[in-house]
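Chains A and B supply the protein sequences, listed in that same order.
Residue numbers for the first sequence follow the numbering used here, so the first one is 1 and each next one is one higher.
Residue numbers for the second sequence follow the numbering used here, so the first one is 1 and each next one is one higher.
It cannot be assumed that every hint is accurate.
Just so you know, same-sequence chains aren't split out, so a pair can sit in one copy or run between any two.
To be verified - In silico lysine to any residue, SDA-like type, Cα no more than 25 Å apart, as pairs: (1) K281 with E181; (2) K5 with N222; (3) K159 with R41; (4) K337 with S98; (5) K9 with N222; (6) K304 with N282; (7) K129 with N335; (8) K5 with E127; (9) K9 with D266; (10) K159 with I60; (11) K159 with W340; (12) K159 with K304; (13) K159 with C262; (14) K395 with G250; (15) K159 with T17; (16) K9 with N300; (17) K159 with D31; (18) K5 with Y345; (19) K304 with G16; (20) K337 with S6; (21) K420 with A374.
Source of the hints: derived by calculation from the structure; they are not laboratory data.
This is what each chain is made of:
There are 2 protein chains.
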Amino acid sequence: MVVGKSEIKVGIVGLGTVGGGTATVLAQNADVIAARATAIRLAAVADIATEKTRAFLDNIGLTDTVLTDNWHDLIDNPDIDIIVETIGGTNLAREVISAALKAGKSVVTANKDLLALHGGELLAIAEEKQTDLFFEAAVAGGIPVVQAVKEGLAGNRFKSIMGIVNGTTNFILTKMSETGEDFADALAEAQRLGYAEADPTSDIEGYDAARKVAILSSMAFNSRVTFDMVACEGITHISKWDMRYADEFGYAIKMLGIARHCGDQDGGYIDARVHPVMIPKNHPLATVRDSYNAVYVEGNAVEKTMFYGRGAGALPTGSAIVGDIIQAARNIVHNCKARWGCTCYLNLPVLPIDEVESKYYVRICVYDTVGVLAALASALTANNISADAVIQKRKIGEDKAEIVLITHKVRHADMMAALKAISDLDCTCEVSDYIRVEEDEN
Amino acid sequence: MVVGKSEIKVGIVGLGTVGGGTATVLAQNADVIAARATAIRLAAVADIATEKTRAFLDNIGLTDTVLTDNWHDLIDNPDIDIIVETIGGTNLAREVISAALKAGKSVVTANKDLLALHGGELLAIAEEKQTDLFFEAAVAGGIPVVQAVKEGLAGNRFKSIMGIVNGTTNFILTKMSETGEDFADALAEAQRLGYAEADPTSDIEGYDAARKVAILSSMAFNSRVTFDMVACEGITHISKWDMRYADEFGYAIKMLGIARHCGDQDGGYIDARVHPVMIPKNHPLATVRDSYNAVYVEGNAVEKTMFYGRGAGALPTGSAIVGDIIQAARNIVHNCKARWGCTCYLNLPVLPIDEVESKYYVRICVYDTVGVLAALASALTANNISADAVIQKRKIGEDKAEIVLITHKVRHADMMAALKAISDLDCTCEVSDYIRVEEDEN
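Next up, chain A with everything else stripped away, as it sits in the complex (with noise of 0.2 Å):
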């Protein structure tokens, strides 16, 4: 089955958690791969805390390993097939990965920050070197979703992909649904448990998120996204009160990527964003618990699909590296290299997140007076916005009540300007909290 080299030498940049469980994976799974593929040998690692690095290569029995400091001893090294890039960053990782892809080499990377800014760039490099790079880490950890776009599924018109992409939220909103926490309970928990860093802003925020979001769309709608053009927002709004009136109209609320491709089929425009949505809950996507991801996916062949596994984790993320490195080995030895790459052959606009249409709940909090209602209604059509909505309405104290509402689908700056003209009632307390509705639509 060899056609070419009989070993394939990989070195990897950056020997922290995901480059760590890369080595472990290589090491500790060598037979099968070899006899599944092809011989692949970890032949160098570059990283600066060389003697803690030492110790865990020797540890896992990688004692052949040539350990440096200076990455580009890799680059110059003519043994070395495929770079892995586990450095994390976008300055001195595009530095490595540019370097690498002109030096011929094939480069395996689980960054998204850098992918969702220049990967178009970097994509760019490798075609004209006619070589890989893969990047199936970057997106939703060990889920091999990234090759399920790129091929097995490349037979699709993608309609949308709806993603819980980043385990720190859904560890968070699962805790929320399952305990009645709130927010901060939950983010402290998390913080404490390891699922969330100290500083969690890229995370809750969805930042995370909107850069595996730009990743997905770029290879399913065939046009470059980036990070900058996809609309965020963050799950630090949501309360233990939103819970419980998700849970009672039959909602789950999750951190969802969403990409949709929406107008003419030759044509048309991207909607791109991250934010929390109530799902059904007999949605697939609303039985994710915990830290878990899952990407789900609609073609127009395929119809629905989901793909769920762990998005995060030394050894998880490791695997998805080690199925890219496997892919390159398999194109090195069979003299196949650039067998597929960037297909963003399209240029389409992205839709400003003031035009994505969606349904709302909304959860205002009024003093209750006569006429509050119709005032309520009288904002929401004066903003376009059907006041035949779903409304519900609770006592709080003595003078106060709570009214949620879901609407039909309204422009977002619709809404928004409606929620500012509620806001400015007399009526109201506060406008408290509104989440997107999305409903499987077929």
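Assemble the complex: chain A is given as a structure, and chain B must be docked to it using the hints.
Relative to chain A, chain B alone:
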């Protein structure tokens, strides 16, 4: 990007539901397929129903596609690069695939019956001729799980695969669970809606699922498993009472194909079987409803992952076949056929069903006399089954009671011997049912 040929030509043998779906996807999505990969054209179709087939092809815009009633015409045509076999069955299909591979063509098939019997033989021909035999559509329809196991997750030692891989039985069990119907009524509804065939034997007895288990086990555990090695038990004995008890105990009843690697990691044996199972309601497989399929895969690096979607239907199956066609086309264009093939390099034994250990739910109808529980317990312990099982007793009428118990893990042979002993007791009216119970073990 295109290295070799400028247009890949496909020939389909058998234009029934699946072949027709494939043709439709190729026609409808030709532009995106060409832009993402390479131009692919359905050049010829072989089908005996020539008039109906011509009308179908014309109707989807494939007026240039040559139609013949002689499949040899496609094999003999040197312009045709890829043969799609969608006639089904194990005789003519075997002849067609074998001839196509021997002619050096790439072959794509959805034929699980054939692969579960003669997959090894056909893959050996592909290997010898250094060409491709792809079969994504043979397992779980549109869900790209074959490629995931062969490539994306190939860095893993697989521990287990559990799949809802038969849509008919999942539809029947979902109906029974959600409406309280008995088996016969749910089957009748499935037949009325076209989910079950007039002769539903292959589905409801688990033969169809067993074929998919044979294919998945062979790939995951690198050792050829054929249909005859997979123990099967159908769902005809499941009653609405079992559904009620399952619900009460926190379980869903699902028809699962199960494949496990057991014992020594460098050797060991395979446990492969198909039968109804009670799984906890919060297990991801428990939420897979109606005719949907899902495959739950556990590897030593990726941990738990699940692939969900349509297991049948013209377009979803067509999606999987076209994904394979694209993969085969890329290999032709990049001159790297046989990039991956059969990886059954081991020869592991399959555990006899008698030796398989499971927890069991058992429902027994007894005459409610003094000492009945003691008699049951004694029959259990005499067969190595711990008597501290979960036991529940419910009066039926004047003199009878229904005993429901859930055992610890026991050997199947011991369980069957105990049930025989129990049914021989004077106090037993009948052993009404038994169903294996699976818990997630980590």
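Here is what the structure says about each hint:
no. : hint           : verdict
1   : K281 with E181 : both (19 Å within a copy, 23 Å between copies)
2   : K5 with N222   : between (34 Å within a copy, 23 Å between copies)
3   : K159 with R41  : between (40 Å within a copy, 23 Å between copies)
4   : K337 with S98  : within (17 Å within a copy, 30 Å between copies)
5   : K9 with N222   : between (32 Å within a copy, 24 Å between copies)
6   : K304 with N282 : both (14 Å within a copy, 21 Å between copies)
7   : K129 with N335 : both (14 Å within a copy, 18 Å between copies)
8   : K5 with E127   : both (22 Å within a copy, 19 Å between copies)
9   : K9 with D266   : between (43 Å within a copy, 24 Å between copies)
10  : K159 with I60  : between (44 Å within a copy, 21 Å between copies)
11  : K159 with W340 : within (22 Å within a copy, 31 Å between copies)
12  : K159 with K304 : within (10 Å within a copy, 27 Å between copies)
13  : K159 with C262 : within (8 Å within a copy, 41 Å between copies)
14  : K395 with G250 : within (22 Å within a copy, 36 Å between copies)
15  : K159 with T17  : between (35 Å within a copy, 23 Å between copies)
16  : K9 with N300   : between (40 Å within a copy, 23 Å between copies)
17  : K159 with D31  : between (40 Å within a copy, 16 Å between copies)
18  : K5 with Y345   : between (34 Å within a copy, 21 Å between copies)
19  : K304 with G16  : between (36 Å within a copy, 23 Å between copies)
20  : K337 with S6   : both (16 Å within a copy, 18 Å between copies)
21  : K420 with A374 : within (16 Å within a copy, 72 Å between copies)
Against the hints set out earlier in the document, no violation occurs for any number.
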